[in-house]
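2 protein chains.
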Amino acid sequence: MLEHGGRLQRAAREYGIPVERWLDLSTGISPFGWPVPDVPASVWQRLPEDDDGLAEMASAYYQAPHVLPVAGSQAAIQALPLLRKPSRVGIIAPGYAEHARAWRHAGHRVTTQAASALLANTASWDVLVLIHPNNPGGERFDPQELLQAHAELAARDGWLVVDEAFMDVTPQNSLSRFTHRKGLIVLRSVGKFFGLAGARAGFVCAEPTLLEALREKLGPWTLGGPTRYVLRQALADGAWQTQARARLLQTSEQLTALLARHGLTPSGGCGLFQWCRRSDALALHRALAERGILTRLFDLPPSLRFGLPPNDAAFERLDGALTEVLQ
Amino acid sequence: MLEHGGRLQRAAREYGIPVERWLDLSTGISPFGWPVPDVPASVWQRLPEDDDGLAEMASAYYQAPHVLPVAGSQAAIQALPLLRKPSRVGIIAPGYAEHARAWRHAGHRVTTQAASALLANTASWDVLVLIHPNNPGGERFDPQELLQAHAELAARDGWLVVDEAFMDVTPQNSLSRFTHRKGLIVLRSVGKFFGLAGARAGFVCAEPTLLEALREKLGPWTLGGPTRYVLRQALADGAWQTQARARLLQTSEQLTALLARHGLTPSGGCGLFQWCRRSDALALHRALAERGILTRLFDLPPSLRFGLPPNDAAFERLDGALTEVLQ
Chain Z
0 MLEHGGRLQR AAREYGIPVE RWLDLSTGIS PFGWPVPDVP ASVWQRLPED DDGLAEMASA
60 YYQAPHVLPV AGSQAAIQAL PLLRKPSRVG IIAPGYAEHA RAWRHAGHRV TTQAASALLA
120 NTASWDVLVL IHPNNPGGER FDPQELLQAH AELAARDGWL VVDEAFMDVT PQNSLSRFTH
180 RKGLIVLRSV GKFFGLAGAR AGFVCAEPTL LEALREKLGP WTLGGPTRYV LRQALADGAW
240 QTQARARLLQ TSEQLTALLA RHGLTPSGGC GLFQWCRRSD ALALHRALAE RGILTRLFDL
300 PPSLRFGLPP NDAAFERLDG ALTEVLQ
Chain F
0 MLEHGGRLQR AAREYGIPVE RWLDLSTGIS PFGWPVPDVP ASVWQRLPED DDGLAEMASA
60 YYQAPHVLPV AGSQAAIQAL PLLRKPSRVG IIAPGYAEHA RAWRHAGHRV TTQAASALLA
120 NTASWDVLVL IHPNNPGGER FDPQELLQAH AELAARDGWL VVDEAFMDVT PQNSLSRFTH
180 RKGLIVLRSV GKFFGLAGAR AGFVCAEPTL LEALREKLGP WTLGGPTRYV LRQALADGAW
240 QTQARARLLQ TSEQLTALLA RHGLTPSGGC GLFQWCRRSD ALALHRALAE RGILTRLFDL
300 PPSLRFGLPP NDAAFERLDG ALTEVLQ
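Those protein sequences? They're chains Z and F, same order as listed.
Letter by letter, the first sequence follows residues 0 to 326 in numbering that gives the first Met the number 0.
Letter by letter, the second sequence follows residues 0 to 326 in numbering that gives the first Met the number 0.
Next comes chain Z alone, as it looks inside the complex:
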């Protein structure tokens, strides 16, 4: 299993700084999460019901004809490779590593490449897996180009899988509204934009036959009642969503400007993080950690990902630390 989470606790031990004194910029989770209300006791007590309206609300929010609630994108990432016989699978790199791991584990022939190389060569793949916008690189794709790639794959029973975990800030670029097309599979997550990473919940948008096969593989009750209760309200809260999008975009621009002022112009990013390639990424990561600021370090290529500082004080703290570190 790949390692996830626990980074803040480990950093707290390694650098001798108590957890509560860190500025944690190591995730792509929105610091402006949807305000979760208290959950009624009955919701904890009763078995969840599939016909509680959650699927319909998700369908409306994602503009997707059909959706399946799942226990996070992770659950879908693990199950999708089990629904195909051995295939040639092209996967975006660098990117969220669980995709390649899951397809390899299920016995498929996996190639990881930059998206441009993958898309230039669709005839080589039975399945093409992209992350859009990519994490950590932030690459964007032209939806028309992706639909063209999908059409080529679908013509020979291939799949285009697009992990849109960071797409909520720019819904106009989502392919979810085209997912009635056979072989087009879009993964959405509520962890990042809604700031509900603790809920471990997501949705798969695809045509009904594939969703039914996936549902059969995952079994009943993939999401608990309290999560379903919270999601129904968050997905329906259009006013909050509009305001959150604007705030995230503005904060992400503010982060970009701050990084640029320190000579760290981002190589890529999106409304939820910015990403900087630096040959000295490791040293920079450590120097910031010594000052209680946790970033996400990537080895290949050497780079740092910065999540959004939650407020002015956090921006000032990052600004001050970068001044010290990069002087």
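It should be emphasised that the hints constitute simulated quantities derived from the structure, not laboratory data.
Ideal placement from N, C-alpha and C gives every residue a C-beta, glycine not left out.
Among the hints, erroneous ones may be present.
Stated by the list, open to error - If you want a taste of the chain Z side facing chain F, the calculated C-beta under 10 Å gives, among others:
#, residue
1, 30
2, 32
3, 45
4, 77
5, 101
6, 222
7, 229
8, 232
Claimed, not checked - Taking lysine-lysine and the DSSO-like style, the derived pairs with C-alpha atoms no more than 27 Å apart in a straight line are:
#, chain 1, residue 1, chain 2, residue 2
9, F, 84, Z, 84
10, F, 84, Z, 216
11, F, 84, Z, 181
12, Z, 216, Z, 84
13, Z, 84, F, 216
Using the hints, position chain F against chain Z.
Just chain F, lined up with the frame of chain Z:
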């Protein structure tokens, strides 16, 4: 996929009685659930962490040397058959049907029989799956007899799987404290005794090598943060647990007495339900449903399962309805 849940909503439609006017005795979920506190916003926002103490608290509560938190027994039921090469599997019948379904689906040779037949013939199985106490039959087993069966199976790399979803009221009969033994796998659930069926959470008790293989199969984050937060407190609440056990046993005895007064002496049961074999089970189920009382109907053998009425008014309502129906 087998059908689950939604029974109350369907009955409401079928009998033309609004959901809120039913006395729902169709589940084995405690009506005296653990009082769930409000969950802090930060728990919804942050990724769950494996080292939050939940496993240690479950280990103490179940007296099991090693435990793995899972998204309900259901998740373990589906994954365990994937960890063995094709085997001869004996499964208790009648019982929770997902066990047989999962083993068959994974390509094993499955035989379903009464527990007495299975246990009289352990040499025939590579894997023996029991439910203890059984649902709906309520059969109990002598722990020593089960440990003997396990020893025979384990000697040839076999497994004894015991689903103890209804065991919390009688912890002295649990095998969980013996699960350091190779090939002994005990499934526990927080849905019934703690009244947390909405959480979809459970624990697998087994030796570390098997738990690690299961963890690898299930992937990261099988439980969300809010569920982990609630469970840590419920599992540690010894005072509530003691009082709940007494109250459930007393209420279950009260239900047994009431049923017996109406000539419905239970064929079996446990602290969370009573089960009555009746050739006219279907007619009785319908007659009670017409009076807004939902029981769980089983076809093979024809029988009704009664969950615990939550209070005196519910007991009186059941008493009155049985008087009318059976006069």
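Requested in this report: With a cut-off of 27 Å on the C-alpha distance, tell me whether residue 84 (chain F) and residue 181 (chain Z) pass.
Outcome: 34 Å, violated
Requested in this report: Would you check whether residue 45 (chain Z) satisfies its interface hint, that is, whether its CB is within less than 10 Å of any CB in chain F?
Outcome: With a closest approach of 6 Å, the residue 45 (chain Z) hint holds.
Query raised in the report: Is the hinted pair residue 84 (chain F) and residue 216 (chain Z) satisfied, with a Cα-Cα distance of at most 27 Å?
Result: Roughly 19 Å between the alpha carbons, so the hint for residue 84 (chain F) and residue 216 (chain Z) holds.
Requested in this report: Would you mind confirming whether the straight-line C-alpha gap from residue 84 (chain Z) to residue 216 (chain F) stays at or under 27 Å?
Outcome: Distance ~19 Å between residue 84 (chain Z) and residue 216 (chain F) Cα, so the pair holds.
Query raised in the report: Given the proposed pairing of residue 216 (chain Z) with residue 84 (chain Z), does the C-alpha separation stay at or below 27 Å?
Result: 15 Å, holds
Query - residue 232 (chain Z) as an interface hint toward chain F, with CB separation required under 10 Å - result: Cβ of residue 232 (chain Z) sits 12 Å from chain F, so the hint is violated.
Query raised in the report: With a cut-off of 10 Å, does the beta carbon of residue 101 (chain Z) approach a beta carbon of chain F closely enough for the hint to hold?
Result: Where the cut-off is 10 Å and the nearest Cβ of chain F is about 8 Å from residue 101 (chain Z), the hint holds.
Query raised in the report: Holds or violated: residue 30 (chain Z) as interface residue toward chain F, Cβ cutoff 10 Å?
Result: The hint holds - residue 30 (chain Z) has a Cβ within 10 Å of chain F, the shortest such distance being about 9 Å.
Query raised in the report: Going straight from one Cα to the other, do residue 84 (chain F) and residue 84 (chain Z) come out at no more than 27 Å?
Result: 20 Å, holds
Query raised in the report: Was the hint right that residue 229 (chain Z) lines chain F, CB cutoff 10 Å?
Result: Nearest chain F Cβ about 7 Å off; hint holds.
Query raised in the report: Against chain F, with CB atoms and a cut of 10 Å, does the hint on residue 32 (chain Z) hold up?
Result: 5 Å, holds
Query raised in the report: With 10 Å as the cut and Cβ atoms as the points, is residue 77 (chain Z) at the interface with chain F?
Result: Because about 5 Å separates residue 77 (chain Z) from the closest Cβ in chain F, which is inside the 10 Å limit, the hint holds.
Of the numbered hints given earlier, the model fails hints 8 and 11; all others are met.
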